[in-house]
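> Take these sequences, add in the hints, and give me the full structure.
2 protein chains.
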Amino acid sequence: MSRITPLTGFPEWLPRERLVEQQILDVLRETFELHGFSSIETRAVEPVDFLLRKGEIDKEVYGVRRIQADESDADQMALHFDMTVPFSRYVLENAGKLEFPFRRYQIQKAWRGERPQFGRFREFLQADADIIGRGELPTHFDAEVVLLIADIFSRLDIGSFVIRVNNRKVAEGFYRGLGIADTAGVLRAIDKIDKIGDRVREQLPDEVGDEQADKIMALAKIRTSDLSFGERVRALGVEHPLLDEGLAELEAVMQTAIAAAPQGVVLADLSIARGLDYYTGTVYETNLEGFESLGSVCSGGRYDELASDGKNTYPGVGVSVGVSRVMAVLLRDGIADVTRGVPTCVLLAVGDEAQRAESNALASSLRSRGISVEVSPSAAKFGKQIKYADRRQIPFVWFTQDDGTHQVKDIRSGDQVDADPATWMPPEADLRPRLSHPHKENS
Amino acid sequence: MSRITPLTGFPEWLPRERLVEQQILDVLRETFELHGFSSIETRAVEPVDFLLRKGEIDKEVYGVRRIQADESDADQMALHFDMTVPFSRYVLENAGKLEFPFRRYQIQKAWRGERPQFGRFREFLQADADIIGRGELPTHFDAEVVLLIADIFSRLDIGSFVIRVNNRKVAEGFYRGLGIADTAGVLRAIDKIDKIGDRVREQLPDEVGDEQADKIMALAKIRTSDLSFGERVRALGVEHPLLDEGLAELEAVMQTAIAAAPQGVVLADLSIARGLDYYTGTVYETNLEGFESLGSVCSGGRYDELASDGKNTYPGVGVSVGVSRVMAVLLRDGIADVTRGVPTCVLLAVGDEAQRAESNALASSLRSRGISVEVSPSAAKFGKQIKYADRRQIPFVWFTQDDGTHQVKDIRSGDQVDADPATWMPPEADLRPRLSHPHKENS
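For the record, the sequence lines run as chains W and C. Just so you know, we're using my numbering here: the first sequence kicks off at 1 and counts up by one. Just so you know, we're using my numbering here: the second sequence kicks off at 1 and counts up by one.
No lab work stands behind these hints: they were computed from the structure. Possibly wrong hints are sitting among the right ones.
For identical chains, the list gives no copy identity; a pair is met inside one copy or between any two copies.
Unchecked claim - Below, a list of computed lysine-lysine pairs in the BS3-like style, where the Cα atoms sit at most 25 Å apart:
#1 K192 <-> K387
#2 K97 <-> K384
#3 K221 <-> K195
#4 K97 <-> K387
#5 K195 <-> K440
#6 K195 <-> K215
#7 K215 <-> K381
#8 K440 <-> K387
#9 K97 <-> K311
This is the structure:
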């Protein structure tokens, strides 16, 4: 039996860890739905040439083909590496059947053959939400997405977070106003400022002179939690119509965000570039405080031209939560846990095997009232059955006496009380496993 | 923009169809958890030689390799074609960290390059539940699985169903008792009896004589909803220790199932073979009444030797619900629908754009009380905003008057009433979209 080894970059959780992930996913789903987003799923594969048409040639894409396939149809398909490209295809394919603006969320695995490292996987779970319009999509949706991100991380309750907002037009207009030709080259350098700091200056294109570089670096260092970023940009003395447009959009987004989001979580950060080509306006990154080195755990932005069918273009704005990345840090640092490791609330003890049919009936009755029940795997001595429950962290053990009466033991406290099968309920906090926050509870 | 066409065999649902699927998945998850099963997920890929080692050579497996990979590492991985093989690997890999008997469920996509047809896809969603023991696993778990299946289809409430149970040892022992060498060949033929009926007789191996064939066909035709199958088998006059063992197990399973499952849903059906090699005892198939041609929508069985690490063997028993297959028939025949096509319950009308910030605050407050809210995409005339809600099937439109008072309109009835943002709730039935049964409601 060879090959029973983990594959690097393809994480799998133990049942208890998966319970944490399930709670996280439940919060994401609930938040998306409270904000009016509909769930969809797209197939795992796309035609290779469709996946690669948006300048993604350097992505480590996984090709898919039947092992028994002819040589001729090799590598026509590939696993998607994000949800945005498949979603744009879904919108074009179903445009006639969707209502616009269309709000959708999508929680699925994606695959990239990158070199695995902490928080970066080859198979990873993303949770995306986008609003897509037909023809036009007002900028107030860009602000709505900030409120969505704020609501997600407030509800997840996994620590402090900062949402950093920028607008591609600001940098693009600023660089053009400086007379720079290779604005993409400048953006690529600035994109690394979180990682290498001031050394990005050395990576600016050759055409950039000292004075220009000073202004580029000054722009990238502007971070404000209020609307003062506008003044500070204008004080740099660069002018361009696209810069004005970008600043007006960023001001509108920040104004709404500051008014509606919890205080201090939203920051205008003029260094945010986002690597992907398709963003055309607002861009977002979200950092968990204390885990900045992990990078952004929720990123996205506005794309005006991702999807087009010749007749219509479909501008959109959205974000993607890096669920696997969040899970990596939650589990490593014990930030989130669950109140117990199994769904089971009650173990029905079995006195002897002849009693099992009766226990099955009782289990069925308790389940019909929403209580998760397991019938004991064996009619071992009661002490052994209690130990079984204890090992699995099942909080209650149920005993049916010979006279037909019932008792329930809370094996944490040892308390054992009479119980009526028709009415007994566990305390609300014990009904299902819940997310817990070990650090908070200790402090 | 070429290639914006569906891929045959890779289904994608529209948002309303996906809502139906979500409700189905919620029921599956809830039922599994009520029965004490823990969720896990395994990675989408396995090493090719691991996937193929269990006699699955004729499966149309999809190989996966990085497009930029060297020739040397081509096709080392493949997409899993079921959940059983990856689960057996997961158990071996994590055996030291799991409690046995280990109860897990797993709801994931799987991939097979079969020729697509109605209800058979190349990418499909399966929902598996298995109980796996270390060293041993008593037969009463085989009965528990029948109760799980019955509970699933009762809760799904998508029509009448029949769970057909058999035991591999019965057929194997019976054929051996008849002196047949190629028992696997007989089983392969009998496996087709649902599709081609009595013509399976012609497909029996050459060694089978007329008298043997008579008995084989007689065995395969025994179907009873009580325990009388035992007498009827014994009346055929064939004897073998394995036959006795199989009948005893099947009787025990049927006895428990008849006692605890709703009346008439469980059938001992001695024709059930199940194609896969790894089943060694009890086998299950489940049919939706009226959709027998669709084949089984929930199948499984007992496997004594699927996983082994040299020191221990891990016998298991479980089932797999073919979610995509169920969805195919539900959607085609309009058996299940949802009460509305979007999660949104309330659209906040916007009088003019200056009011949007206020609407965002109101939306946030309603969401904090569990109500799904969308702020109107534009400050168009109210009639147009109501039409927007109507097209998206959002049941309520909320108006904030100039004097600061609020009204809510139920756009289905036209009723418009005063509402207090701090306390207003929709009727319970309107809070979230729910599964509906158009046929039932019409009858």
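> Does each hint hold? Answer for all of them.
The hints, checked one at a time:
1. Taking CA atoms no more than 25 Å apart as the test, K192 paired with K387 passes in neither setting, with 54 Å inside one copy and 47 Å between copies.
2. For the identical chains of this complex, K97 and K384 are inter-copy neighbours only, at 20 Å across copies versus 59 Å inside a copy, given an alpha-carbon limit of 25 Å.
3. In this assembly of identical chains, the alpha carbons of K221 and K195 lie at most 25 Å apart only when taken from the same copy (14 Å versus 71 Å across copies).
4. When the C-alpha separation of K97 and K387 is checked against a cutoff of 25 Å, the pair qualifies only between copies, where the shortest distance is 17 Å, while the shortest distance within a copy is 56 Å.
5. In this homomeric assembly, K195 and K440 never come within 25 Å of each other (Cα to Cα): the closest approach is 30 Å inside a single copy and 60 Å across copies.
6. Taking CA atoms no more than 25 Å apart as the test, K195 paired with K215 passes inside one copy only; the shortest distance there is 20 Å, against 76 Å between copies.
7. Taking the shortest Cα distances, K215 and K381 never come within 25 Å of each other, neither inside one copy (78 Å) nor across copies (46 Å).
8. Proximity of K440 and K387 under a CA criterion of 25 Å is satisfied in neither setting, with 30 Å inside one chain copy and 47 Å between copies.
9. Taking the shortest Cα distances, K97 and K311 sit within 25 Å of each other inside one copy (16 Å), while across copies they are farther apart (57 Å).
Violation of the numbered hints given earlier is confined to hints 1, 5, 7, 8; the remaining hints are satisfied by the structure.
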